[in-house]
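Here is what each chain is made of, one letter per residue.
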Amino acid sequence: MDARLLEILVCPVCKGPLDYLKDKQELVCKADRLGFPIRDGIPVMLEDEARSLSAEEVDALR
Amino acid sequence: MQAHETLVSQQFGATARAYLESAVHARGQDLERLTALLGARPRGRVLDIGCGGGHASFAAAPVAEEVWATDLSADMLAVVAEAARERGYANLQTQQAAADLLPFADAGFDAVVTRMSAHHWRDVPAALGEIRRVLKPDGVFLLIDIAGAEEPLCDTWLQGIELLRDPSHVRNHTPSAWRAMLDAAGFERGDAWLWRLPIAFEPWIGRMRTPLVAVEAIRHLWSLAPAEVKQRHAVAADGSFELDALMMVATPSRRVD
Chain A
1 MDARLLEILV CPVCKGPLDY LKDKQELVCK ADRLGFPIRD GIPVMLEDEA
51 RSLSAEEVDA LR
Chain B
1 MQAHETLVSQ QFGATARAYL ESAVHARGQD LERLTALLGA RPRGRVLDIG
51 CGGGHASFAA APVAEEVWAT DLSADMLAVV AEAARERGYA NLQTQQAAAD
101 LLPFADAGFD AVVTRMSAHH WRDVPAALGE IRRVLKPDGV FLLIDIAGAE
151 EPLCDTWLQG IELLRDPSHV RNHTPSAWRA MLDAAGFERG DAWLWRLPIA
201 FEPWIGRMRT PLVAVEAIRH LWSLAPAEVK QRHAVAADGS FELDALMMVA
251 TPSRRVD
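These protein sequence lines are chains A and B, in that order. Reading the first sequence from the start, the letters are residues 1 to 62 in the UniProt record's numbering. Reading the second sequence from the start, the letters are residues 1 to 257 in the UniProt record's numbering.
It is worth saying that the hints were derived from the structure and are not from the lab. Note that CB positions come from ideal geometry on N, CA and C, so glycine has one too. Wrong hints could be hidden among the right ones.
[Unchecked claim] If the Cβ cut is set under 8 Å, some of the chain A residues that face chain B in the computed set are:
#	residue
1	6
2	9
3	10
4	11
5	12
6	19
7	21
8	45
9	46
10	48
[Unchecked claim] Some chain B residues flagged as far from chain A (calculated, every beta-carbon gap over 10 Å):
#	residue
11	75
12	83
13	220
[Said to hold, decoys possible] Examples of chain B residues toward chain A, derived with CB under 10 Å:
#	residue
14	93
15	95
16	149
17	150
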């Protein structure tokens with residue numbers, strides 16, 4: 001995951017910052033509770049393809 | 001039932017390579033103009049929305065600091081990334097994204113370009129809002145797309161034929177509609193060009209893998225078209241015709257209401 005990518009990418013829905021979850025290979029928006037998958041090193045920044053996170057999962061990231 | 005975005009992605013994913021190699025897409029004075037317009041500005045960060053075969057990105061890469069080629073289709077982006085490597089554009093980066101929900105921070109781009117993509121967008125005002133948002137205050141937006149006909153009769157025939165050929169088609173907006181949408185989105189309009197684009201029938205349906213039933217329907221429609229429509233779109237006996245294409249330059253207005 002390119003560090004430069006993390007500087008430029010935001011949540012497509014709320015434009016807020018994203019957290020990089022290395023183990024899950026996801027970029028997570030805590031506000032929208034969405035996890036954007038990273039496939040072959042490329043973040044898929046489409047709302048339709050994002051995973052919904054549970055409140056517990058988001059809490060664990062805080 | 002599938003989402004419009006899925007349809008767009010499928011239509012182009014299956015046929016990605018054809019768009020890289022299509023002469024209609026790979027060449028054009030509009031690409032030369034794009035390079036010239038961007039080249040006249042300081043090198044910066046350029047965003048290409050709905051990059052398709054990547055031709056606008058390739059035209060921007062030699063005169064840009066970095067180019068972000070975005071598209072709904074991951075397959076299309078893979079073709080673009082490979083072509084960029086072959087051509088030695090190390091400053092070109094691909095990113096999957098939707099035009100009306102851009103995953104980029106505010107005011108991060110010196111230029112936004114889009115070429116032959118906006119007729120697939122379900123919500124142009126939302127996309128223009130996003131483009132305005134990610135552009136720096138002194139940035140520039142270069143729009144290139146097929147244009148609709150201002151005459152409703154000719155426009156309906158054109159849109160009908162486009163939809164038969166490609167079910168992910170939304171609308172070729174007319175120049176007057178673009179002017180109004182750009183104004184509403186907080187852009188100041190600069191230079192604009194309108195030109196005719198000859199479309200050879202067989203490659204046109206071949207690229208999109210239009211099924212025979214739809215090809216027959218297009219032929220049927222063209223055979224029924226009133227003289228006014230045939231003349232407006234220069235319809236030939238084999239189904240080949242001419243489209244209007246437009247290029248518009250726009251910059252963020254100083255003030256948004």
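So, going through the hints one by one against the coordinates:
1. 6: This hint is violated: residue 6 of chain A lies away from chain B, its Cβ roughly 11 Å from the closest one there, beyond 8 Å.
2. 9: holds, 5 Å
3. 10: Since the shortest Cβ distance to chain B is 5 Å, the answer is holds.
4. 11: Nearest chain B Cβ about 7 Å off; hint holds.
5. 12: holds, 4 Å
6. 19: violated, 14 Å
7. 21: Given a least distance of 16 Å, the restraint on residue 21 of chain A is violated.
8. 45: holds, 4 Å
9. 46: holds, 6 Å
10. 48: Since chain B brings a Cβ to about 6 Å from residue 48 of chain A, closer than 8 Å, the hint holds.
11. 75: Since the minimum Cβ distance to chain A is about 12 Å, residue 75 of chain B lies beyond 10 Å and the statement holds.
12. 83: holds, 16 Å
13. 220: Given that every Cβ of chain A is farther than 10 Å from that of residue 220 of chain B, nearest at about 35 Å, it holds.
14. 93: Holds, about 8 Å.
15. 95: Holds - the Cβ of residue 95 of chain B comes within 10 Å of chain A, reaching about 7 Å at its closest.
16. 149: violated, 33 Å
17. 150: violated, 34 Å
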